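*Asks:* Chain by chain, the residues:
Protein chains: 2
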Amino acid sequence: MQTPQSPEHPAVPDATAPDRDWAAASADPRYRAAVIDLLGALAYGELAAFERLAEDAKLAPGLADKAALARMAAAEFQHFEQVSEHLASIAEEPVTAMEPFVGPLDEFHRLTAPSDWLEGLVKAYVGDAIAADFYREIASRLDADTRGLVLRVLDDTGHASFAVEKVRAAIEADPRVGGRLALWARRLMGEALSQAQRVVADRDALSTMLVGGVADGFDLAEIGRMFSRITEAHTKRMAALGLSA
Amino acid sequence: MQTPQSPEHPAVPDATAPDRDWAAASADPRYRAAVIDLLGALAYGELAAFERLAEDAKLAPGLADKAALARMAAAEFQHFEQVSEHLASIAEEPVTAMEPFVGPLDEFHRLTAPSDWLEGLVKAYVGDAIAADFYREIASRLDADTRGLVLRVLDDTGHASFAVEKVRAAIEADPRVGGRLALWARRLMGEALSQAQRVVADRDALSTMLVGGVADGFDLAEIGRMFSRITEAHTKRMAALGLSA
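Just so you know, the sequences run in chain order L and P. In terms of full-length UniProt numbering, the first sequence opens at residue 1 and continues consecutively. In terms of full-length UniProt numbering, the second sequence opens at residue 1 and continues consecutively.
What the hints contain is simulated information worked out from the structure, not anything from laboratory work. All of these numbers come straight from a predicted model, not from anything done at the bench. One or more of the hints may lead you astray.
DEER-style ranges, computed between Cβ atoms [as the list claims (entries may be wrong)]:
#1 P:V102 to L:L193: 38 to 44 Å
#2 L:Q197 to P:A160: 42 to 48 Å
#3 L:E172 to P:Q82: 33 to 39 Å
#4 P:D204 to L:E93: 52 to 58 Å
#5 P:R180 to L:E137: 48 to 54 Å
#6 P:R168 to L:V177: 48 to 54 Å
#7 L:V177 to P:S244: 51 to 57 Å
#8 L:A91 to P:A169: 23 to 29 Å
Here a beta-carbon is modelled for each residue, glycine too, at the ideal position from N, C-alpha and C.
Given the sequences, and given the hints that come with them, work out the whole structure.
*Replies:* Encoded structure:
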């Protein structure tokens with residue numbers, strides 16, 4: 001349920017939910033279902049990111065770049081392990097929690113297989129940033145235990161600075177690269193939104209929590225506004241990278 | 001240099017070299033060159049194993065198996081990091097040390113791309129075991145510091161028991177699978193030996209150390225005997241797996 005921001009919790013300024021812990025919050029079966037969905041999506045997102053980064057490591061122009069991408073993939077796997085262990089600790093089977101998100105995430109990766117090293121880097125950067133924005137949007141509605149886990153696994157794995165540095169250097173060396181990568185980033189965002197909308201339509205409990213717990217069903221307009229905020233943040237990041245989004 | 005086994009070092013029963021540390025041993029430039037080669041091959045072997053396991057994770061029949069293979073891949077990457085850090089600590093550029101082994105290892109993996117999940121598991125098991133046999137053969141000729149590192153990164157990452165269990169179950173369910181996988185294991189061993197011979201022919205310092213430091217050049221017959229021992233161990237492992245090698 002959406003509650004007014006509580007001045008008693010200044011340490012978590014964006015907290016719109018009272019600072020309940022998991023034991024208290026999960027007594028509500030709809031909340032519990034929404035968090036299982038959220039963590040299932042996060043876990044499979046990390047596992048899929050591991051696979052994608054390991055695959056993109058093959059496109060690396062040299063061994064040092066290959067090792068850098070493999071390092072990020074291994075970090076994603078550690079995050080996957082943390083979320084899996086957390087699911088198991090609250091008596092949920094990680095595989096069952098992940099199942100509903102395999103289709104949309106695999107489809108996203110299938111439709112956005114990078115054709116070269118730079119496209120792979122832009123995808124790692126954009127994909128990570130969009131996921132982080134989404135989970136930060138939702139973190140304020142979570143109980144303290146779940147929020148702690150989510151913020152921990154969103155910790156930067158070094159993707160951002162590595163990708164930004166390499167992409168900027170490539171655009172500097174050949175400005176035409178910028179136009180191609182700007183189109184690519186636009187396609188990534190489009191496919192991400194289209195799969196996210198598919199998930200929203202399919203997963204009632206999750207969608208309800210996304211918009212702050214409207215009792216029955218959910219407010220599509222509010223979800224639209226959340227997607228707008230994420231798109232705006234993406235546009236700003238692309239501009240910082242030297243790409244017009 | 002090959003020395004008789006020293007009864008003063010019962011803790012390392014297979015040590016044929018005096019228990020020197022790296023500082024003392026690396027004063028000999030041929031020894032230093034051989035160890036750089038060995039660690040370069042080990043580092044790239046781990047990085048390539050990471051990529052191969054991450055790739056084979058796609059063949060997994062379900063999410064739990066996929067996660068298990070990804071876990072092994074992440075463990076291989078941690079080993080790669082340890083060897084890389086060790087190379088850096090002895091003032092060697094890991095990328096330079098790995099370069100000579102990229103060709104043979106990539107070629108091995110290109111020629112032995114598994115066509116299904118079970119072939120991938122047999123390859124992970126066989127490949128790991130052969131590499132471990134090889135490094136254990138050579139460990140006794142290493143200084144104490146390098147030996148410690150090598151034995152540490154050969155620590156079982158759980159490949160063996162996972163692969164053995166799955167392959168045995170598959171053969172039990174359909175005994176014809178055993179014939180196909182036995183052929184596959186034979187092919188893996190053949191390609192591994194052929195790439196190993198290529199490395200032996202190319203890398204003088206390494207080959208000299210392999211046979212115990214004959215001063216000039218190396219004894220091909222002794223290398224042949226080492227390969228025989230590794231092949232015999234492989235045959236025994238295949239029999240234990242229910243495959244005739």
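*Asks:* Hint by hint, note whether the structure agrees.
*Replies:* Okay, the hints, checked on the actual structure:
1. A C-beta distance of roughly 40 Å is found between V102 (chain P) and L193 (chain L), which places it inside the suggested range of 38 to 44 Å.
2. Range check, Q197 (chain L) to A160 (chain P): about 45 Å between beta-carbon atoms, so the 42 to 48 Å window is met.
3. Distance hint for E172 (chain L) and Q82 (chain P): a CB-CB separation of about 35 Å, consistent with the stated range 33 to 39 Å.
4. In this structure the supplied range 52 to 58 Å holds for D204 (chain P) paired with E93 (chain L), their Cβ-Cβ distance being about 55 Å.
5. At about 51 Å, the beta-carbon gap between R180 (chain P) and E137 (chain L) stays in the expected band of 48 to 54 Å.
6. Here the CB-CB span from R168 (chain P) to V177 (chain L) is close to 51 Å, well matched to the stated 48 to 54 Å.
7. For the pair V177 (chain L) and S244 (chain P), the supplied restraint of 51 to 57 Å holds, since their beta-carbon distance comes to about 55 Å.
8. A hinted range of 23 to 29 Å holds for the C-beta pair A91 (chain L) and A169 (chain P), which are about 28 Å apart.
Checked against the numbered hints above, the structure violates none of them.
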